[in-house]
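Enquirer: Here is how the chains run, residue by residue.
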Amino acid sequence: MDPDTSIGGHRDRFPETRRSALIDIQSDVASLRDGAREAFIAAYWKPIYKYIRIRWKQSNEDAKDLTQAFFARALEKEFFAAYDPARAGFRTYLRTCLDGFVSNEQKSDRRLKRGGDALFVSLDFETADGEIRQHEIPAGQSPEEYFHQEWVRGIFAIAVDALRRECDERGKLTAFRLFERYDLEPHSDETPRYDDLAREFEIAATTVTNHLAAMRRRFRQIVLETLRENTVGENEFRTEARAVLGIEA
Amino acid sequence: MEWLSDAVIHHLRDVISQPELSATRYELLEPIGRGGMGAVYAVRDRELDRRVALKVLSVPETSSHEAARMTEEARILARLEHPGIVPVHDMGTLPDGRIFYVMKLVDGTRLDQYAQTNPPLPDLLRVFSRICEPIAFAHSQGIIHRDLKPENIMVGRFGEVLVLDWGVAKIVGKARPSTQFQAGERSQTASGTVIGTESYMAPEQAAGASDQVDARSDVYALGMTLRALLANRAIPRRLDAICRKAAATEPAGRYATVLELAADLERYLNHEPVAAHRETIPERVSRLVLRNKALVVLVLAYLAMRALLFLFTRR
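Taken in sequence, the protein lines are chains B and H. The numbering used here numbers the first residue of the first sequence as 1 and each following residue consecutively. The numbering used here numbers the first residue of the second sequence as 1001 and each following residue consecutively.
Calculated directly from the structure, the hints in this document are not laboratory data. As the structure is a computational prediction, the values presented were derived from the model and not from experiment. Positions of the beta carbon are idealized from the N, C-alpha and C atoms, including for glycine.
Derived Cβ-Cβ restraints for the label pairs, each shown as a range:
hint	chain 1	residue 1	chain 2	residue 2	range
1	H	Glu1198	B	Gln26	38 to 46 Å
2	B	Asp168	H	Trp1003	15 to 23 Å
3	B	Gly100	H	Pro1031	35 to 43 Å
4	H	Pro1031	B	Val29	41 to 49 Å
5	B	Asn60	H	Asn1232	53 to 61 Å
6	B	Thr206	H	Arg1126	44 to 52 Å
Sequences are here, hints too, so could you generate the full structure?
Expert: Structure, rendered in structure tokens:
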């Protein structure tokens, strides 16, 4: 393996010891708990916000408040303690709880006071709102499918960000830029070939191949690590891995 | 966090699902198919300079149920050396941690697609008969396929057949080999587990009664496969009886072995009495006429000539 194109070491494997954020979030150790909260919110805030907008037809402002309030509720220990992996996947459990939460809010006609709920992390709602406006929901797609699709999109986006950070830290930005040019832009007739990229980046075509292979390998690992972090147990991890990789179970 | 379009996500899924073949002797060519456990790709074996098929798990787990199943499938295939069963060349773990095995790349048509080309009935039945041979061989080795269906059978250019997808096969009887192998087998076939494809699955298999699954369960699946191949055709009564006997609800009502099914089909093709059907006198006459077509034509020609001669000499 070309050491210049190797990220994560030679013959690096998927780390099976990656911790589940859904377990750590209940930890009494503050550092573990805080990291897990951050990972949980990063993976779920956008699908939750968008789901509330689409499924519950809430305005941008109300959806923002409901999202924050739901996280405030979800981050209580009881929420995670009540989750039973034997009964359903976490994503299904979360969505069911979210439906119940929004429904109760509506029934009680309790308007959440804007800004009255704790804000845990700064969430870029304006961007999420823009995405809803710019990208039409495919006809016939159910809210559940939409939630799943946005969750997958979120997992991939987290992995892209993590890969970018990692490449930046390790001085591998050329490899990342190649990945960005070839794999993160929609393919069309104008998509550059490996030869074109070699000329553009002033490197050999074989280096383009090696860089892209290394980036894709690491990207796959990060996607699976993120999934491991957001699932409880092997069965759920494998089910979600299949769902994210687009393989029918 | 940037927004990734559906097209980009689709592309990323494709590229990250591809097997990591660096530091192996294989070079990726193209995807062939995807299933519940993983995917199959056409790859080139650089050392032997030939195209082969590589089946790889979707998830890098070496201790999972799927990993055990794939390992078991490869080992079963390695044991079943028969021209009608796809041979395994290699097995291992890829640099990305996923279990894989390499097998012959089959050049042919799926049986259901072959049937759609509307071949003459005797040709179709002879191809079907050839499926029975590798299955009978597997049974003799104590292995039940458990997922026989047209989609899992390939027909080559010269009418040869290859039975694929032994991922849910069950080992029975004396054939149980090493301890490791048995552990995998138990995990798959624990009582109550339903494995296979519903429309081709024997009732005892569908009920999850894995201890009752035996060679006759494969006979049932073959009966259903034959029926599927004959869809959209007028099925002669004797042939219909063969289908019904093979796919009888009760195992005791079926052919006891796949070879018995093949033999009855052979008798049908040779216009001989079949075990599955008690024929009436007109049916017997009709069958004997078909069986001795040349003789009947000769006799009729002879009689016609004698009749003409008789009429001519009387004038």
